[in-house]
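Asker: Position 139 of the sequence shown, counting from 1, maps to 1246 under our numbering, and the rest follow consecutively.
Just so you know, these hints were derived from the structure itself, not from any lab.
Fair warning: this is a prediction, and the values are worked out from it, not measured in the lab.
C-beta: ideal position from N, C-alpha, C; glycine also.
Calculated pairs, EDC-like style, for lysine to aspartate or glutamate (alpha carbon to alpha carbon, straight line, at most 20 Å):
{"#": "1", "residue 1": "1129", "residue 2": "1143"}
{"#": "2", "residue 1": "1286", "residue 2": "1276"}
{"#": "3", "residue 1": "1129", "residue 2": "1169"}
{"#": "4", "residue 1": "1152", "residue 2": "1123"}
{"#": "5", "residue 1": "1129", "residue 2": "1151"}
{"#": "6", "residue 1": "1129", "residue 2": "1165"}
{"#": "7", "residue 1": "1129", "residue 2": "1170"}
{"#": "8", "residue 1": "1286", "residue 2": "1200"}
{"#": "9", "residue 1": "1152", "residue 2": "1165"}
{"#": "10", "residue 1": "1152", "residue 2": "1238"}
{"#": "11", "residue 1": "1152", "residue 2": "1170"}
{"#": "12", "residue 1": "1152", "residue 2": "1127"}
{"#": "13", "residue 1": "1152", "residue 2": "1244"}
{"#": "14", "residue 1": "1286", "residue 2": "1261"}
{"#": "15", "residue 1": "1129", "residue 2": "1154"}
{"#": "16", "residue 1": "1152", "residue 2": "1169"}
With beta-carbon atoms standing in for the labels, derived distance ranges:
{"#": "17", "residue 1": "1256", "residue 2": "1131", "range": "34 to 44 Å"}
{"#": "18", "residue 1": "1177", "residue 2": "1275", "range": "15 to 25 Å"}
{"#": "19", "residue 1": "1275", "residue 2": "1148", "range": "24 to 34 Å"}
{"#": "20", "residue 1": "1276", "residue 2": "1172", "range": "20 to 30 Å"}
{"#": "21", "residue 1": "1264", "residue 2": "1161", "range": "36 to 46 Å"}
{"#": "22", "residue 1": "1261", "residue 2": "1197", "range": "18 to 28 Å"}
{"#": "23", "residue 1": "1163", "residue 2": "1198", "range": "31 to 41 Å"}
{"#": "24", "residue 1": "1156", "residue 2": "1249", "range": "18 to 28 Å"}
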Amino acid sequence: MTQGPEDDPIDPGSSDLLAERKMRFLFALRSRGVTDSRVLTAMEKVDRGLFVRGTFADRAYEDMPLPIACGQTISQPSVVGLMTQALQVNPRDTVLEVGTGSGYQAAILSQLARRVYTVDRYRRLVREAADLFRQLDLVNITTITADGSHGLPDQAPFDRIIVTAAAEDPPGPLLEQLKPGGIMVV
1108 MTQGPEDDPI
1118 DPGSSDLLAE
1128 RKMRFLFALR
1138 SRGVTDSRVL
1148 TAMEKVDRGL
1158 FVRGTFADRA
1168 YEDMPLPIAC
1178 GQTISQPSVV
1188 GLMTQALQVN
1198 PRDTVLEVGT
1208 GSGYQAAILS
1218 QLARRVYTVD
1228 RYRRLVREAA
1238 DLFRQLDLVN
1248 ITTITADGSH
1258 GLPDQAPFDR
1268 IIVTAAAEDP
1278 PGPLLEQLKP
1288 GGIMVV
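Make a model of the complete structure from these sequences and hints.
Answerer: Structure representation (structure tokens):
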């Protein structure tokens, strides 16, 4: 008796398993309150697996924060989705993200906004995110290494500002750089 490909055990890295994990990932987002179709479409297009490296790469599609370089974390997908949904990004918006981290949030925003500026104090994180943005041809993202609590006055004003780095209150300079009627999510 010959064994055909359908008789082979499923490879844990197979495209079928990956597709199933991504489907469960999107279902989990919906069940946790991410209902905006534009946000869900953006999160479907941007593969979180590309932003998680090393030991935790196999957990990229789980709804949990994961460690990245510089002692930072990539936020759990449901938090990314809910924050993005709360930001109410429009296609013509210019968005400032404070806290580049892995670059995942900026990549999601790039699917929704005209322009995204992302700033982080860790040069390594900014460099790695910028490299990934180039590989993915995300040309509407500008990465900057700086203290994000000061915002980016030269690029202001912004339609939307999202603070993904730890912050108790929105720093004054960020409020000053938000357009009238703009939205900030912290």
